[in-house]
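Chemist: In the order they appear, the protein sequences are chains X and G.
Counting with this note's numbering, you get residues 1 to 492 for the letters of the first sequence.
Counting with this note's numbering, you get residues 493 to 979 for the letters of the second sequence.
No lab work stands behind these hints, which were simulated from the structure alone.
Be a bit skeptical, because a hint or two may be false.
Here are the in silico distance ranges between beta carbons for each label pair [to be verified]: (1) X:Lys147 / G:Glu526: 47 to 55 Å; (2) G:Gly840 / X:Phe40: 43 to 51 Å; (3) X:Thr154 / G:Glu537: 55 to 63 Å; (4) X:Lys279 / G:Lys872: 48 to 56 Å; (5) X:Ser297 / G:Ala865: 24 to 32 Å.
Below, a sample of chain G positions facing chain X; criterion: calculated Cβ distance under 7 Å [what the hints assert, rightly or not]: (6) Gly694; (7) Val696; (8) Arg815; (9) Arg820; (10) Ser823; (11) Tyr856; (12) Ser859; (13) Tyr862.
Below, a list of computed lysine-lysine pairs in the BS3-like style, where the Cα atoms sit at most 30 Å apart [what the hints assert, rightly or not]: (14) X:Lys279 / G:Lys906; (15) G:Lys872 / X:Lys86; (16) X:Lys258 / X:Lys279; (17) X:Lys80 / G:Lys872; (18) X:Lys353 / X:Lys476.
For glycine and all other residues, C-beta sits at the position ideal for the given N, C-alpha and C.
Okay, here's what each chain looks like letter by letter:
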Amino acid sequence: MAEGATGDLAAMEYEICIGLETHVQVKTRTKVFCACPTEFGAEPNSNVCPVCLGYPGSLPVINEEAIRKTVLAGMLVGAKIARYSKFDRKNYFYPDMPKNYQISQYDLPLVIGGTVEYDFGIVDKKRLGETKVCHLTRIHLEEDVGKNFHFERTSGVDFNRAGTPLMEIVSEPDLSSSDEAFAYLTALKEILIYGGISDCDMEKGQVRCDVNISVRPKGQKELGQKVEIKNMNTFSGVRHAIDYESQRQIETLRRGGKLVQETRRWDDVAGVTESMRTKEHAHDYRYFPEPDLLPVSLSEEWLAEVRKLVPELPSAKRKRMVERYGIPLYDAGVLSADAALADYFEAAAKASKNPKSVANWICNDLLRDLAEAKLAIGQSPVKPPHIAELVELVDSGRISSKIAKDVFVEMFKTGKAPAAIVAEKGWVQVSDTGAIGKFCDEVIAANPKIVADFKAGKEVALNALTGQVMKLSKGKANPQAVRDALRAKLTG
Amino acid sequence: MNLNELTIHELSGRLAKKEIAAADLARDVVARTEAVEPRLHAFLEWNGGELLAAARDVDERRARGEAMGPLAGIPVGIKDVLNVKGHTCRCGSKILQGYVAPYDATVIAKLRAAGAIPFGRLNMDEFAMGSSTENSAFGVTRNPWDLERIPGGSSGGSAAAVAASETPATLGSDTGGSIRQPASLCGVVGLKPTYGRVSRFGLVAFASSLDQIGPFAKDVTDAALVLGAISGKDPNDSTSVPEPVPDYTKALTGDVKGMKLGLPKEYFIPGMDKEVEAAARAAVDRLSSLGAEIVDISLPHTDYGLAVYYIIATAEASANLARFDGVRYGSRAKDAKDPIDMYGRTRGAGFGPEVTRRIILGTYVLSSGYYDAYYLRAQKVRTLIRRDFMEAFQKCDAIVTPTTPSAAFKIGEKAEDPLTMYLSDIFTVNVNLAGICGVSVPCGFTKQPKLPIGLQVLGKPFGEETILKVAHAYEQATDWRKARPAI
Chain X
1 MAEGATGDLA AMEYEICIGL ETHVQVKTRT KVFCACPTEF GAEPNSNVCP
51 VCLGYPGSLP VINEEAIRKT VLAGMLVGAK IARYSKFDRK NYFYPDMPKN
101 YQISQYDLPL VIGGTVEYDF GIVDKKRLGE TKVCHLTRIH LEEDVGKNFH
151 FERTSGVDFN RAGTPLMEIV SEPDLSSSDE AFAYLTALKE ILIYGGISDC
201 DMEKGQVRCD VNISVRPKGQ KELGQKVEIK NMNTFSGVRH AIDYESQRQI
251 ETLRRGGKLV QETRRWDDVA GVTESMRTKE HAHDYRYFPE PDLLPVSLSE
301 EWLAEVRKLV PELPSAKRKR MVERYGIPLY DAGVLSADAA LADYFEAAAK
351 ASKNPKSVAN WICNDLLRDL AEAKLAIGQS PVKPPHIAEL VELVDSGRIS
401 SKIAKDVFVE MFKTGKAPAA IVAEKGWVQV SDTGAIGKFC DEVIAANPKI
451 VADFKAGKEV ALNALTGQVM KLSKGKANPQ AVRDALRAKL TG
Chain G
493 MNLNELTIHE LSGRLAKKEI AAADLARDVV ARTEAVEPRL HAFLEWNGGE
543 LLAAARDVDE RRARGEAMGP LAGIPVGIKD VLNVKGHTCR CGSKILQGYV
593 APYDATVIAK LRAAGAIPFG RLNMDEFAMG SSTENSAFGV TRNPWDLERI
643 PGGSSGGSAA AVAASETPAT LGSDTGGSIR QPASLCGVVG LKPTYGRVSR
693 FGLVAFASSL DQIGPFAKDV TDAALVLGAI SGKDPNDSTS VPEPVPDYTK
743 ALTGDVKGMK LGLPKEYFIP GMDKEVEAAA RAAVDRLSSL GAEIVDISLP
793 HTDYGLAVYY IIATAEASAN LARFDGVRYG SRAKDAKDPI DMYGRTRGAG
843 FGPEVTRRII LGTYVLSSGY YDAYYLRAQK VRTLIRRDFM EAFQKCDAIV
893 TPTTPSAAFK IGEKAEDPLT MYLSDIFTVN VNLAGICGVS VPCGFTKQPK
943 LPIGLQVLGK PFGEETILKV AHAYEQATDW RKARPAI
């Protein structure tokens, strides 16, 4: 964990306030105002039409799926869904903007408020389960712009991305460190992937962040002078930029300097923020209602249909898993990180009397083998009832935990049920006292020194003897029965 | 008589009976256009060969026995603001030099589906901003009744082409009067439909919340035919309305008995041309004698219309015209050192003074600190203006007014004085602000010189049948439509 401003002495006197504006590509088949595909990586300017190129006379038509997913995102963060919202034009000139205005939402966004709960476990394992809530201001829907490319003597614009639906998720300045910002972003991403709202693929630029950051002396009520850092596309970039910028602001104040309201850019290579424009040169976006689109009125029936799509969120799922199945929070975290994995676990846990052990098998053995085989949970050769069955075989004493490991290897290899494997291989555990007694006698006779140690009061010597017996039984003896038999013979 | 002199309903009967071929009509249209264009300049360009080929195609389809509507084989002139695939679409501006439309506007597709043939590019004030076509970057269009005078605008080319019998009908666009005012000044019928009646997809936007496409025609029946062909909900235009499209010609019964026609006192103002006022009042009397009941009404917020219009229209225009930047199409200034420089040079060289003036005005009224005082206030007053009309329509079925305060003025007469120029839209702008429909129908001439005067009939939203009925009854009771300019 990088020690930035938050760990510094100066930070003791100052408080950092961070709000994030996160732009997330909404997962739709077609663009937000036309029928062009949103596919990534196509030939430049191949997924374009008069509408997304801003050709004269073209008009936007709203993609209902983009509205639905934005509303669903709002429901996932417990926000208020606006029954009536509208689109506005945000005016500014830039070569990647086909119309030189962006269709966005200004004063009546689709989603108002909401919260995102984040867990510090993501930045420090020891703090797992320590959570905080970040309030959201709003979520609105807008269109993405194209992409500029600079060649040796000329520049070009690829408009394939222009018109891709973007959700802008605006948070309150509730975050107070780069760690919190990182944990918040991670939690937000998890929610959006969970809801099928966005793939949040960072490599494809599907998540981009503007950071609003200010510092104030501790105890001061008003926020300090706000600085905006524009357009970061990695979470680690956000983290480093916050560390650098908060330190810069605190140092400026400590030197008696004044901070100005400005927009800065993060230079990832140099690791510094640098000024882009100050307040006097801030854009006047001249927002006004988009006359080409009707306001959006959402009916109760329509919202009810969307509500049906709301899944249980990871954080709620984690809590429920811990309570219902008695599994450790860490395991619950691993299992809930992916909706399909969580479903797999629950199917196995419900079929078992020992969900804790089920979680163990999944988190350790199954996930390891799946990763090695490069398989997704849905492609697992081992099915949930088989995990439950395996746990039952161990718990009932039919097989030892050691043998169980071999059974699991076979299960993964063949997809067969564990009981069938055990029967086939003759791996049933030996609990018969007669057979065990014979093995014990053999081991006692062969290890006089260890026997003497035990008799002299060295309790651990019993472990060594038990091991020998297990070895002799080829692992099939019930270890507890072996211990009992050895103790009886040596002390009796 | 040459075929280009006839109305669509006269032509379609003879075409259907195969007394004439669409190719004959096309030849007469081309001959007439070639003959008058050097003096008139209604068209920025036209392609006679293409028209003839399309007409022959219609004839072949008819010969094969295909079902044909009344517009089949009729050339319809197109204002330079509408996209016609494969054709230039310059909106009367240098900035769109080189742009070739990659798609058909919905109205063009609908015309084609009806068998009509889109023909040529009609002159207009640059980006539909003006009332005289003097703001075209490609020269002024002249009024067929007096070549020294303007034809009105912005759809001056569309009005002049019909008045001079170049094509039987044309399409124009009306943002504050740009169909009705030139129709009035050129002595033809021009109709602005209710906002949402006709799809705007493919119409290069001036002010999106005000723009509507509509027909120019020699008489009301033809206007009704073309309106029927281009109307209807379009999935490509969210602001188009799913209101059923009737057969508008069915409303043309000639019977206005018992209809209540509102006469707004605010539309007869001191300073308006006496002959125009007299003609409008005489038209009202005529309608009364046909059995209509004339009701005095008031539209109290009328005076604010022009101010509201020049705020809302310019605000929307400032955004709509931002896309003309030289990046993707149209002209681009050379030797720019960076994008901002390129925008400045391209737009500075590409836009004419009126367009520049309106972009600056629109940018100003939307600027932070001014938005509430101008744009927001204007929107509120717009609501009041609309309410005026809605309340008036409680008392009457339609409203009748003069279309313009005066007949056609001389070229150059008002060109240096934008505010005086703006006043020529004083009777038409509020109709766009209210989103209702209106039609201008000829109602006489001034004496010396002889210049056409128009009567405006206004209806409630989607009341096109009503206004066409009134205009038609009046038209049929008078002979104005039979007069032809000497050109």
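Chemist: Now tell me if each hint is right for this structure.
Modeler: Taking the hints in turn, this is what the structure says about them:
1. X:Lys147 / G:Glu526: 47 to 55 Å: holds (49 Å)
2. G:Gly840 / X:Phe40: 43 to 51 Å: Since G:Gly840 and X:Phe40 have Cβ atoms about 38 Å apart, the given range 43 to 51 Å is violated.
3. X:Thr154 / G:Glu537: 55 to 63 Å: Hint violated: Cβ distance 32 Å, outside 55 to 63 Å.
4. X:Lys279 / G:Lys872: 48 to 56 Å: About 31 Å separates the Cβ atoms of X:Lys279 and G:Lys872, which means 48 to 56 Å is violated.
5. X:Ser297 / G:Ala865: 24 to 32 Å: holds (29 Å)
6. Gly694: holds (4 Å)
7. Val696: It holds, given that the least Cβ distance between G:Val696 and chain X is near 4 Å, below 7 Å.
8. Arg815: Cβ of G:Arg815 sits 5 Å from chain X, so the hint holds.
9. Arg820: holds (6 Å)
10. Ser823: violated (13 Å)
11. Tyr856: violated (10 Å)
12. Ser859: holds (6 Å)
13. Tyr862: The hint is violated - G:Tyr862 has no Cβ within 7 Å of chain X, the shortest such distance being about 10 Å.
14. X:Lys279 / G:Lys906: violated (43 Å)
15. G:Lys872 / X:Lys86: holds (17 Å)
16. X:Lys258 / X:Lys279: holds (14 Å)
17. X:Lys80 / G:Lys872: holds (28 Å)
18. X:Lys353 / X:Lys476: holds (23 Å)
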